[in-house]
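Could you slot chain B onto chain A? The hints should help.
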Amino acid sequence: MFLAWNEIKYSKVRYVLIMGVLFLIAYLVFFLTGLAYGLAQDNRTAIDSWEADGIILPEEANGNINMALLSDQAVDQVAATEKAVLGQMAAVVEREDSSADERLDVRFLGIKVDEFLMPEIIEGRAFETDQEVVVDVSLRDEGLLSLNDSVSLLSSEQTFEVVGFIDNAKLSVSPVMYTTIEAFQEIRFGEMEQERDELAISAIVVRATNGDIANVTIDNEQLELIAISDFISDLPGYNAQVLTFAFMISFLIVIAAIVIGIFIYVLTLQKVSTFGVMKAQGISSGYLARSVIVQTFVLSAIGIGLGFLGTAGTQLALPAAVPFQSNGLFLIVVSAVMLIIAVLGALFSVRTIVKIDPLKAIS
Amino acid sequence: MKAIEFINVERTFKDGDKEIVALQSTNFSIDRGQFVAIIGPSGSGKSTFLTIAGGLQAPSKGEVKIAGQAFSSQSEKKRSRTRFSEIGFILQASNLVPFLTIKQQLQLVNKVDKKKQREEMLELLNQLDIKDLQHKYPSEISGGQRQRAAIARALYNDPTIILADEPTASLDSEKAYQVVEILARETKKKNKATIMVTHDIRLVEYCDQVFEMKDGVLKEKSPDSLSSGQGS
Chain A
1 MFLAWNEIKY
11 SKVRYVLIMG
21 VLFLIAYLVF
31 FLTGLAYGLA
41 QDNRTAIDSW
51 EADGIILPEE
61 ANGNINMALL
71 SDQAVDQVAA
81 TEKAVLGQMA
91 AVVEREDSSA
101 DERLDVRFLG
111 IKVDEFLMPE
121 IIEGRAFETD
131 QEVVVDVSLR
141 DEGLLSLNDS
151 VSLLSSEQTF
161 EVVGFIDNAK
171 LSVSPVMYTT
181 IEAFQEIRFG
191 EMEQERDELA
201 ISAIVVRATN
211 GDIANVTIDN
221 EQLELIAISD
231 FISDLPGYNA
241 QVLTFAFMIS
251 FLIVIAAIVI
261 GIFIYVLTLQ
271 KVSTFGVMKA
281 QGISSGYLAR
291 SVIVQTFVLS
301 AIGIGLGFLG
311 TAGTQLALPA
321 AVPFQSNGLF
331 LIVVSAVMLI
341 IAVLGALFSV
351 RTIVKIDPLK
361 AIS
Chain B
1 MKAIEFINVE
11 RTFKDGDKEI
21 VALQSTNFSI
31 DRGQFVAIIG
41 PSGSGKSTFL
51 TIAGGLQAPS
61 KGEVKIAGQA
71 FSSQSEKKRS
81 RTRFSEIGFI
91 LQASNLVPFL
101 TIKQQLQLVN
111 KVDKKKQREE
121 MLELLNQLDI
131 KDLQHKYPSE
141 ISGGQRQRAA
151 IARALYNDPT
161 IILADEPTAS
171 LDSEKAYQVV
181 EILARETKKK
191 NKATIMVTHD
201 IRLVEYCDQV
211 FEMKDGVLKE
221 KSPDSLSSGQ
231 GS
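Those protein sequences? They're chains A and B, same order as listed. Per the UniProt record's numbering, the first sequence runs over residues 1 to 363. Per the UniProt record's numbering, the second sequence runs over residues 1 to 232.
Here chain A stands alone, though its shape is the one from the complex (with noise of 0.2 Å):
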C-alpha cells in the first residue's frame, strides 16, 4: 500500500490517464448492464407482478400466448392452490380527442376483478364496467395518456376509459392495458354474441402449493403447463437480447481487465530496474507483488467507483423512453467481477516481478 499509493501519488498524470480510461470502461459496463436489465424488465414486469408459478397453454401454442386460445371451462380441469383467467392481445389503441396521429402499441390483459392476477392500483381506481380500463404507469410518465382519458381501439369502434394507473405492467415491451374478461371477448372476437355460457380466455396462471408445479394437476391433455420462468425465457425475442447484452457485457469486462493488464505491464516493465534493486536490498518479491496488486486494486476501484457516479448522474437526466434500470445486486456483481478480473489481468506483472534477477539489476 505505502510503495502503491506514493508511486500512484508521484505519477499523478500517469495514473489518472489510466483511472480515466478504467472510469470509461466501468461507465460503459454499467451503462450497458441498465439498459439490458431494462430492456429485460419490460419484457416481463406484468408476468412478474403476477407472483404466479405457472401458466397454462393450449399445447399447440407451444408455449407462445399469442397462439394460446382456449375456454374457460378448463378452468375446472385444473386443480392448484389458485387459478386465474387471462385474456391476452396485442393491440393499437388512439386517444380519443389526440388531433396528431399518435398511435400507441399496447397489451390488453383481460382478467377477472375477483382473481389475483389483478393488479394494485397506484393512481385512481379498478376497473368496474367493460369500458373501463388501467393502465402501465409509463403511459402517464411519457406523457401519452392521463387518468379520465378515452382511448379507442384502432381495428374496431371500442372505446375505453383510462380510469387508474399501475406500476410495473409491461409485456414484450409493450405497457398493459388490464381490462375485463369480458371486454377481451369483445376486442378479440368484435361483437360479442350473445347469451354465450362460454369464455374464450388465452391462459390459465397458477400458484401451486409451496411454489412447486409439480402441486399442480391436469386433468386435460390438451393443456400444456409451464413454469412461469421457461415462459419467460420463452417469450418472443427475449432470450436473443437478454444474451446478447450478457456477451456484450462479459466481453466488456474482460476487455477492461485485459487493458488493465496491459497497462500495469507496461509500467512493470518501465520499473524492472527499480524493483531489482529493491530485491537486492533484500525486499521480496512477495512485498513487491503485493504493491503491485494493491495498485491495480485502488486503480479498478477508483475507476469503477467514479463510473458508477457517471450511471448515477446519467440516470437522472434520461428520458423516461429509455428502458434503463439499474439494479444493486446486478451492479454489485458486476464491479466485483471487474475488479477480480482487474487483479488477475495484474498477476501477469507478478510474474514478471518473481522473474527479475537483483544481480542484473546492479550490475
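Certain hints may be false.
Cut-off 27 Å, straight-line C-alpha distance, at most; resulting in silico cross-link-like pairs (BS3-like, lysine-lysine) [claimed, not checked]: (1) B/Lys111 / A/Lys12; (2) A/Lys355 / B/Lys131; (3) B/Lys131 / A/Lys12; (4) A/Lys360 / B/Lys77; (5) B/Lys77 / A/Lys9.
If you're looking for bench data, these hints aren't it; they were derived computationally from the structure.
Just chain B now, with coordinates in the frame of chain A:
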C-alpha cells in the same frame, strides 16, 4: 566473530564448453568497524566478489558466512531476508526508489519489517546533512546528495555489512571524497563492516585495508605499495 567470511570461495562460469574462472579460490574476512577497499580493473572479478558477498549469486565452491551464520548455502528466500536485515547496499548509480521522497525511502524499510527498532530517522538524515531534503524526490537533488541518501538508506536498517559498488562513479572528485569520508566515518561510529569496490585509487586513503583483484585473484596490498604504485 567475523562480520563476513569467505571460505575457499570460487566462482566459475560455463562459456560454451569452456570454463571461465571469475573468482579463484578466495579466503577473506573482515571485522565490524573495518573499512576495506577492493580495487582492480574492470573485468577482474570485483563485481563477482561483491555480488557473492551480497548473496546475489551463489559461489560454485566454498562458503560465505555472515556474522558466523551460513549465508551462501541458504535458500533464495532466506538469503533475501538476510540481505534485507544484515546487508546495506550502496550502488554506483543511486539505489533509491525514484517515486519515494528521501524520508519515504527510510519509511519503506519500516514497512517491510515492522518489528525491528531503528534509530531516529531525522537524526540519521541530520547526521548525513540531508535533513532539509527529506521531502525531495531523488530526481530533485544532486548526485552527491543522492549518494548520501543512499548511505542513510543502507545504514537505517542497522546492517552488519555495507557493500558499496563504485559509490563515487558519477561524482566529481570533491564530492567523491566527501561521500567516502562519510562512509568511513559512519563505519567507525556505527561499527559496520564496509567493503567498497572502486577503481579510484585516491579514495583508499580512508580505508583500513586495501585489496587488489586481478584475474580473479584477491591479494592484500600494503599502503606503501599503493603509494609507490601510484607514483610510477
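> Which numbered hints does this structure break?
Replying inline: 2, 5
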